[in-house]
Amino acid sequence: MALEDICNFKDKPTHKTFPFYASEDTSVSVFTEAFNFKWRGEMTSKKASDVPLEFHVPSLFKRPSSRASHSVSVRRPFPLSHGTTTLGFIFQGGVIAAADTRASAGGLVACPAVHKITPIHSHLVVTSSGSGADCMLWERILTREIRLYQLRHKRRLSISGTAKLLSLMLHPFKGTDVCVALTLCGWDKLIYVCSDGARLQGDIFSVGSGSPYAYGVLDRSLSWSLNKEEAILLAREAVFRATHRDAYSGNNVDLFHVTAEGWRQRQREDLKEEYYRDMEKRGKKMDLTGLFS
Amino acid sequence: MRQGVVYINTNFSSVSGFDAERDSMRTCLLTFECCCVCDIQKLLGRRSHGSAGSPVPLPFPMAHGTTTLAFVFQGGVLAAADTRSSCSGLVACPASQKILPIHSHLVGTTSGTSADCALWKRILSRELRLYQLRNGRRLSTSGAAKLLSHMLHPFKGTELCVAATLCGWDDHTSLSGPSLFYVCSDGSRLQGTLFSVGSGSPYAYSILDQGVQWGLTVAEATSIAREAVYRATHRDAYSGNCVDVYHVTSQGWTRRTREDLKEEYYREKESRRQTHEAEKKML
Numbered sequence: 006m007a008l009e010d011i012c013n014f015k016d017k018p019t020h021k022t023f024p025f026y027a028s029e030d031t032s033v034s035v036f037t038e039a040f041n042f043k044w045r046g047e048m049t050s051k052k053a054s055d056v057p058l059e060f061h062v063p064s065l066f067k068r069p070s071s072r073a074s075h076s077v078s079v080r081r082p083f084p085l086s087h088g089t090t091t092l093g094f095i096f097q098g099g100v101i102a103a104a105d106t107r108a109s110a111g112g113l114v115a116c117p118a119v120h121k122i123t124p125i126h127s128h129l130v131v132t133s134s135g136s137g138a139d140c141m142l143w144e145r146i147l148t149r150e151i152r153l154y155q156l157r158h159k160r161r162l163s164i165s166g167t168a169k170l171l172s173l174m175l176h177p178f179k180g181t182d183v184c185v186a187l188t189l190c191g192w193d194k195l196i197y198v199c200s201d202g203a204r205l206q207g208d209i210f211s212v213g214s215g216s217p218y219a220y221g222v223l224d225r226s227l228s229w230s231l232n233k234e235e236a237i238l239l240a241r242e243a244v245f246r247a248t249h250r251d252a253y254s255g256n257n258v259d260l261f262h263v264t265a266e267g268w269r270q271r272q273r274e275d276l277k278e279e280y281y282r283d284m285e286k287r288g289k290k291m292d293l294t295g296l297f298s
Numbered sequence: 284m285r286q287g288v289v290y291i292n293t294n295f296s297s298v299s300g301f302d303a304e305r306d307s308m309r310t311c312l313l314t315f316e317c318c319c320v321c322d323i324q325k326l327l328g329r330r331s332h333g334s335a336g337s338p339v340p341l342p343f344p345m346a347h348g349t350t351t352l353a354f355v356f357q358g359g360v361l362a363a364a365d366t367r368s369s370c371s372g373l374v375a376c377p378a379s380q381k382i383l384p385i386h387s388h389l390v391g392t393t394s395g396t397s398a399d400c401a402l403w404k405r406i407l408s409r410e411l412r413l414y415q416l417r418n419g420r421r422l423s424t425s426g427a428a429k430l431l432s433h434m435l436h437p438f439k440g441t442e443l444c445v446a447a448t449l450c451g452w453d454d455h456t457s458l459s460g461p462s463l464f465y466v467c468s469d470g471s472r473l474q475g476t477l478f479s480v481g482s483g484s485p486y487a488y489s490i491l492d493q494g495v496q497w498g499l500t501v502a503e504a505t506s507i508a509r510e511a512v513y514r515a516t517h518r519d520a521y522s523g524n525c526v527d528v529y530h531v532t533s534q535g536w537t538r539r540t541r542e543d544l545k546e547e548y549y550r551e552k553e554s555r556r557q558t559h560e561a562e563k564k565m566l
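Protein sequence lines, in the order shown, are assigned to chains W and R.
Numbering of the first sequence is given in this note's numbering, commencing with residue 6 and proceeding in unit increments.
Numbering of the second sequence is given in this note's numbering, commencing with residue 284 and proceeding in unit increments.
Since the hints were made in silico from the structure, they are not lab data.
Hints may contain errors.
Here are the simulated DSSO-like cross-link-like pairs (lysine-lysine), alpha carbons at most 27 Å apart as the crow flies [unchecked claim]:
1) R:K429 - R:K404
2) R:K552 - R:K564
3) R:K552 - W:K233
4) W:K194 - W:K169
5) W:K159 - W:K169
6) W:K194 - R:K552
7) W:K179 - W:K194
8) W:K194 - W:K233
9) W:K233 - R:K563
10) W:K233 - W:K277
11) W:K233 - R:K564
12) W:K286 - W:K233
13) R:K564 - W:K194
14) R:K563 - W:K194
15) R:K439 - R:K404
16) W:K159 - W:K194
17) R:K552 - R:K563
18) R:K429 - R:K439
What follows is a set of in silico ranges between Cβ atoms, one per label pair, in the way DEER data are often shown [to be verified]:
19) R:Q415 - W:S230: 50 to 58 Å
20) R:R555 - W:K169: 29 to 37 Å
21) R:E560 - W:G267: 28 to 36 Å
22) W:K169 - R:T540: 44 to 52 Å
23) R:E553 - W:D275: 34 to 42 Å
Just so it is clear, CB atoms sit at the ideal spot from N, CA and C, and this is done for glycine as well.
Pulled out of the complex, with its shape left as it was, chain W reads as follows (with noise of 0.2 Å):
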């Protein structure tokens, strides 16, 4: 580790990172040579180099295979449906990022104002989708290795590695219950990493229940040439017209840019007063339906 390279503090690795499941008492250090993020201009830089490529991540079943012989099995108590809207798209401005703020537990709004979008560092802001808990939990052992990255190499990791190292680090949960649905929007790049493996780059990406609704809008009126403020009322009307009709998403919308400097948050809005100003410009419209009862 970075830290006690520095120090030269020897010690042996027996930590337990992260409790997962109480039968469990060992970690998983996954030494990687294959892992050898060779840049352009320099050819090797032997202290570099050397450092493998060390992340310590949750603990893993001791044999994947056999879950029934788990004593503690943890059930879910309500069926996950990824219920949110969260949306990023590149323009010739940078990169936006936009969600709601809901956080449901079946029925249930279980928190009006969580944080869905997340910065990883100053370029960097990660969207998430799927289980809280699980994408909270990722999004911090993504930022740690991020930042441990920075210290060992000098440089930051390209967003594709980043997309890279976070992929191969949820592979060996593939088939459990972890639930990760993440966009990761660097200031030029938009990737889309899931727990079940999919890592897709893109232009464009809408994640979660409300998605589809999203979707529409962002299809009919997202061009390249849109300039900033276009582009900011186009995220903040598809996560509207996403919160309106999907059940699970609503509340707030949250928006980010993020550009070449860095990225920049837009305060948070509350939906509810761009619905009351929705239906005040079709109020036309809100008159007439009594004519139908």
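We have chain W; now place chain R onto it with these hints.
Relative to chain W, chain R alone:
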């Protein structure tokens, strides 16, 4: 498979729009029969005559693979739908008709199992025609929706799958004007001003929510409906091919020429490419 004929006698003594006096003078006894090719008794869960027929399993899971929409505005009712019939991953028919006219002033969009929808639309048309002949006037959209809902009710719990929106224009004195009802084989019957049904409906809903208002002109309404179906067909795998648009007014329904959305996709791609090039040149 045994042939079974079921007679369902229902006494509709209070159809919407009917006054009490006429009620007493003429007992309105609506008899409708539906001929079903499968064993109704088995479907209704009663053991009958020791028959060895087991219920026919569905060949593939149904997913309402379609995009249909309808909304009400000052110019009447507009209904639009795509034309793709899918069987799981196969496009069984790229040019099917999902909007079926029921009579001159009533049109129904279909979603669910195409076979069930086609059958029930025909049954509904026949019953409405019989009502018209017996009573000298057309049944209102609300009444037609109620009729369809009650006809479908015995099949609740079976694998029948029909989700239709009835779009009509009523000329009764009490409630005249455009009217839109959603009827589903689960039993729901909802009145509304905007409905979209099918796997592509979320994509269409957001476009419609943005643009649909009472005061639209016919051209604007058609354009929004077309765009909504187009966006849904773009994102949804089970919707696609062409778009049908029907417009119902006091004069009856009119149908717009079927339009292939492939052309629209290429037109949009071309226009985006051109604006992109123009932007690049300006820089």
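Holds or violated: are the alpha carbons of W:K233 and W:K277 at most 27 Å from each other?
-> holds, 24 Å
Below or equal to 27 Å on CA atoms is what counts here, so check R:K564 against W:K194.
-> holds, 24 Å
For R:R555 and W:K169, compare the CB-CB distance with the range 29 to 37 Å and indicate the outcome.
-> Check passed, 31 Å falls within 29 to 37 Å.
Take the C-alpha atoms of R:K552 and R:K564, compute the straight-line distance between them, and say whether it is at most 27 Å.
-> The hint holds at about 18 Å.
Lying within 34 to 42 Å: is that true of the beta-carbon distance R:E553 to W:D275?
-> holds, 40 Å
Pair hint outcome, R:K439 versus R:K404 [Cα-Cα no greater than 27 Å] | holds, 17 Å
Decide if the proposed pair is consistent with the structure: W:K233 and R:K564, CA atoms, cutoff 27 Å inclusive.
-> Holds, at roughly 20 Å.
Satisfaction of hint between W:K233 and R:K552, Cα-Cα up to 27 Å | Given pair R:K552, W:K233 holds - Cα atoms ~23 Å apart, limit 27 Å.
Going straight from one Cα to the other, do W:K159 and W:K194 come out at no more than 27 Å?
-> Given pair W:K159, W:K194 holds - Cα atoms ~22 Å apart, limit 27 Å.
Is W:K194 within 27 Å of W:K233, Cα to Cα?
-> Judged against 27 Å, a Cα distance of about 17 Å means the pair holds.
Pairwise beta carbon distance, R:Q415 to W:S230, judged against the given window 50 to 58 Å = holds, 56 Å
Does the alpha-carbon distance linking R:K563 and W:K194 stay inside the 27 Å limit?
-> holds, 20 Å
Consistency note: the structure conflicts with none of the earlier hints.
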